[in-house]
Amino acid sequence: MSAREIIAYLVEGSIFIYAISISLAYILLAVFSMIELRRHLKKNFFIDHHDLLRSSLAPSVSLLAPAYNEGLTIIDNVKSLLSIQYNNFEVVIINDGSKDDTMAKLIEAFRLEKVPFHMVERLKTKPIRGIYRSTDRAFSNLTIVDKENGGKSDALNVGLNVSSNSLVACIDVDCIIESDALLKMVKPFMEDKENVIASGGVVRIANSCVIEEGRLIKVNLPTSQLARFQVLEYLRAFLLGRMAWSKLNGLLLISGAFGMFKREVAVVAGGYSTNTVGEDMELVVRMRAYLLERKIRFKIKYIPDPLCWTEAPSSNKILSRQRNRWARGTFEVLKNHRYMFFNPRYKVMGLLSYPFWFFFEWMAPFIEAIGVLYFIFLWITGAIWWTHALALLGLVYFFALFISTFSLLAEEMSYFKYTKRSDLWKMVLAAMFEPFLYHPKVTFWSLKGNLDLFKGTKSWGDMTREGFKPKTKGKFIRHNDS
Amino acid sequence: MTVSWFKSLPFNIQALLSICFFFLILSLLFILIIQISQLVKSVSTYFRNKYIGEIQNEVSLIVVQSAFSETPDASFQYKLKKLQALKKKSRYLSMIIMNEIVSMKKNLTGESAEYLENVYRQLGLREISISKVKSRNWKRIAKGMREIEVMQQTDTIHHLVKYLHSSNYYLRREVRLCLAGIAPKPLFFLDTINEFLSEWERMLLFEKLKQRPAELIPDFSAWYRHPNKSVVSFCVEMTVQFGQMQNIGKLEALLMEADKQLICHIIDSLRRMEAVQSLNAVGSILSKSQSSKLIISCLQFIRSIGDNSCEKIVTPFIRHKNPMVRMEAIRTLHETGASLSLNDRERRSMLAHIQHPLLS
Chain A
1 MSAREIIAYL
11 VEGSIFIYAI
21 SISLAYILLA
31 VFSMIELRRH
41 LKKNFFIDHH
51 DLLRSSLAPS
61 VSLLAPAYNE
71 GLTIIDNVKS
81 LLSIQYNNFE
91 VVIINDGSKD
101 DTMAKLIEAF
111 RLEKVPFHMV
121 ERLKTKPIRG
131 IYRSTDRAFS
141 NLTIVDKENG
151 GKSDALNVGL
161 NVSSNSLVAC
171 IDVDCIIESD
181 ALLKMVKPFM
191 EDKENVIASG
201 GVVRIANSCV
211 IEEGRLIKVN
221 LPTSQLARFQ
231 VLEYLRAFLL
241 GRMAWSKLNG
251 LLLISGAFGM
261 FKREVAVVAG
271 GYSTNTVGED
281 MELVVRMRAY
291 LLERKIRFKI
301 KYIPDPLCWT
311 EAPSSNKILS
321 RQRNRWARGT
331 FEVLKNHRYM
341 FFNPRYKVMG
351 LLSYPFWFFF
361 EWMAPFIEAI
371 GVLYFIFLWI
381 TGAIWWTHAL
391 ALLGLVYFFA
401 LFISTFSLLA
411 EEMSYFKYTK
421 RSDLWKMVLA
431 AMFEPFLYHP
441 KVTFWSLKGN
451 LDLFKGTKSW
461 GDMTREGFKP
471 KTKGKFIRHN
481 DS
Chain B
1001 MTVSWFKSLP
1011 FNIQALLSIC
1021 FFFLILSLLF
1031 ILIIQISQLV
1041 KSVSTYFRNK
1051 YIGEIQNEVS
1061 LIVVQSAFSE
1071 TPDASFQYKL
1081 KKLQALKKKS
1091 RYLSMIIMNE
1101 IVSMKKNLTG
1111 ESAEYLENVY
1121 RQLGLREISI
1131 SKVKSRNWKR
1141 IAKGMREIEV
1151 MQQTDTIHHL
1161 VKYLHSSNYY
1171 LRREVRLCLA
1181 GIAPKPLFFL
1191 DTINEFLSEW
1201 ERMLLFEKLK
1211 QRPAELIPDF
1221 SAWYRHPNKS
1231 VVSFCVEMTV
1241 QFGQMQNIGK
1251 LEALLMEADK
1261 QLICHIIDSL
1271 RRMEAVQSLN
1281 AVGSILSKSQ
1291 SSKLIISCLQ
1301 FIRSIGDNSC
1311 EKIVTPFIRH
1321 KNPMVRMEAI
1331 RTLHETGASL
1341 SLNDRERRSM
1351 LAHIQHPLLS
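Top line first, the protein sequences correspond to chains A and B. Reading the first sequence from the start, the letters are residues 1 to 482 in our numbering. Reading the second sequence from the start, the letters are residues 1001 to 1360 in our numbering.
To be clear, the hints were calculated from the coordinates, so they are not data collected in a lab. Among the hints, erroneous ones may be present.
Computed list of lysine-lysine pairs in BS3-like fashion (alpha-carbon distance at most 30 Å, straight line) [said to hold, decoys possible]:
hint, chain 1, residue 1, chain 2, residue 2
1, A, K420, B, K1288
2, A, K42, B, K1162
3, A, K184, B, K1208
4, A, K218, B, K1106
5, A, K262, B, K1208
6, B, K1041, B, K1007
7, B, K1321, A, K126
8, B, K1293, B, K1312
9, B, K1210, A, K43
10, B, K1139, A, K295
11, A, K43, B, K1134
12, A, K247, B, K1106
13, A, K295, B, K1260
14, B, K1321, A, K417
15, A, K218, B, K1162
16, B, K1041, A, K42
17, B, K1250, B, K1210
18, B, K1139, B, K1208
19, B, K1050, A, K184
20, A, K420, B, K1321
21, A, K43, B, K1162
22, A, K262, A, K247
In silico negatives: residues of chain B with every beta carbon more than 12 Å from chain A [to be verified]:
hint, residue
23, S1004
24, P1010
25, Q1014
26, Q1035
27, L1039
28, S1042
29, S1060
30, Q1084
31, M1104
32, E1114
33, K1134
34, L1205
35, D1307
Quick caveat: nothing in here was measured; it's all calculated off a predicted structure. Glycine included, every Cβ here is placed at the ideal spot set by N, Cα and C.
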């Protein structure tokens, strides 16, 4: 065998083995997820959450929401949070050194007064300029913290220091939270005999939905094709991925948009790291590591209910920044916790979750890129067996279609938020075109993210949001989607 | 021709194309299932929308007119015939009628509720609920139980009791909730329960008990010595929620025997019941305790009682290593009127926090 043949054999063999492994992994996760999803639906079939929303036995929760330059929408967002139906909760808004009029608007709208709040600084943060409470009794559960700019992680750590309840829910201030979201997120902590330290819910895409005064009135499929691809992506990730990891107790990521934690565990584990842009995943991994090292049993639960609606990037520019950040965040977390790699001390996380993320989440764009480059090389050298190549391409395509339609089935069998008949066909079309129109872009941005990390980029990038602005009189819908 | 073309391909290509075909068929199958599911949902929504107005109207009229009519029986029978005719049309309509009656019953009390129960019985829906309880499918059983519980069919309890020992956890939980809702002794099953009663279930049971008449609420002290700690914890909480002040002495006695977690809970309960007579017992626990959580519970108790006789016991805690304990101690001394001279900046800051009206 010549050197070239050996190299070809090694490259092709590695890619083939990788493809088989990742496919099997996705199939297993999808099957596990469906089983767990059905079990969850059965378990909750008879629970009427509305009967319990005002129960005095529900534990008190602190909602932590960092805000940076949210002047346009902050008042609506805060009012939306304050109107969540739950018996006992406080809302802590952390103004992370906004340069616009966020703070001024808050002070005026909620009649805030600076108070001599004694904060126990268990987590080191940037200096606090002031803590405010409302003189209006209607907003007695609102606390505003004004601090110097330090980033989202730093702001959340301030929230952890300030909050007074044993459960904290960390959210993005511009997300729309379902009215019974807190109760559903609290349920795993109350229901499980084992020590549940965190819970996460599904984040759904609110583009094109009808939103009035911070409340989701009607769910619509996004009109923008880019947003639809993201809907499909989120369905796959949440309904066919995280359910399985939750079942295996190997969940590494609770979405930063909406996650609930036991405050004490988050604090003793060190709070959010300010050295990474993947702070949400990093905290969960660190909390797990902390408890595993001390041989403390725990669980992290995931709830498939759609609890939080967020605006997805509607332009390639903004989406590229988001995916760039996600790629950097993933690698930062994997790098910081590389001691877990196949380490039995970390049980499912070390033996399954971490390797999965390393090989099939982080490495995937690289393997794909190598595959594409190798294909181009073979094409140039006239070494492609076209029948075989097209058959392989077809296999990859139909497998992707299979997983996407499986996620649509999971959605239909669970919460079926998209009820129009035409929505199904639009999503099927999205599934058919996604491998050509969307996936290559996402792969490229992931690769670029890793390159930027190598070059030393640490910023979040400007995530310009348009917000849920009024389009017609009396109706608030997301516009400029197309 | 296609088959011969396929057979002419090398074996590995055949394999790849077969797998492609397999995934394509599965994808199409999923899409078909989704379509069928959407169709079924549309049809059932259509059916429901077609008849729901009429059913709701008939049931409301039965309840309202029978309550206010001069000839209630005649009016009632007339309206009932219409509902019976609707029910006979199909099983699906029968199910809609059942759901409507059960849902309406949740919001009614008094005579109107009794009329609705009468409708439920006369339409033969009670037998349907009982047959559900006797079925094999656990969801059907649970649904039947709920219907029986909402419609307060207390004479059917014997059908439910056997599920207290079911191997299905959700069924066991459902039957406990139903029995809490209709049994003459709502919590009789606590005597024999040996599984963990989750906080979630405790909350559900509490919401059920809240709907029962006051005279049926049991004396929770009956379970203070239960071997199942979760039952004890539940009963301590219920003692507070239902204001069973006569059990304060028993709770105090329990303080001496309970584990750390339960002691905190009992002290919190005594605080909420404003059990002044337990001050000495709590003070004694405070002076011996090492646990920050327990110390804070004791300090909160002393603060709520408002007695400054414990000043000497409380004062050392303003120098405790745990800042939360220090804060609580300062708050307690301040609110019980004790004299405070704080030289330390941190403690002065704590006091400023405590004194501010927007932070208290």
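Evaluated hints:
no.	hint	in the structure
1	K420(A) <-> K1288(B)	66 Å, violated
2	K42(A) <-> K1162(B)	21 Å, holds
3	K184(A) <-> K1208(B)	19 Å, holds
4	K218(A) <-> K1106(B)	28 Å, holds
5	K262(A) <-> K1208(B)	28 Å, holds
6	K1041(B) <-> K1007(B)	44 Å, violated
7	K1321(B) <-> K126(A)	24 Å, holds
8	K1293(B) <-> K1312(B)	20 Å, holds
9	K1210(B) <-> K43(A)	24 Å, holds
10	K1139(B) <-> K295(A)	38 Å, violated
11	K43(A) <-> K1134(B)	20 Å, holds
12	K247(A) <-> K1106(B)	36 Å, violated
13	K295(A) <-> K1260(B)	21 Å, holds
14	K1321(B) <-> K417(A)	52 Å, violated
15	K218(A) <-> K1162(B)	44 Å, violated
16	K1041(B) <-> K42(A)	18 Å, holds
17	K1250(B) <-> K1210(B)	23 Å, holds
18	K1139(B) <-> K1208(B)	20 Å, holds
19	K1050(B) <-> K184(A)	33 Å, violated
20	K420(A) <-> K1321(B)	61 Å, violated
21	K43(A) <-> K1162(B)	20 Å, holds
22	K262(A) <-> K247(A)	20 Å, holds
23	S1004	16 Å, holds
24	P1010	8 Å, violated
25	Q1014	9 Å, violated
26	Q1035	7 Å, violated
27	L1039	9 Å, violated
28	S1042	8 Å, violated
29	S1060	22 Å, holds
30	Q1084	28 Å, holds
31	M1104	15 Å, holds
32	E1114	23 Å, holds
33	K1134	18 Å, holds
34	L1205	10 Å, violated
35	D1307	25 Å, holds
In this structure, the hints that do not hold are numbers 1, 6, 10, 12, 14, 15, 19, 20, 24, 25, 26, 27, 28, 34, in rising order.
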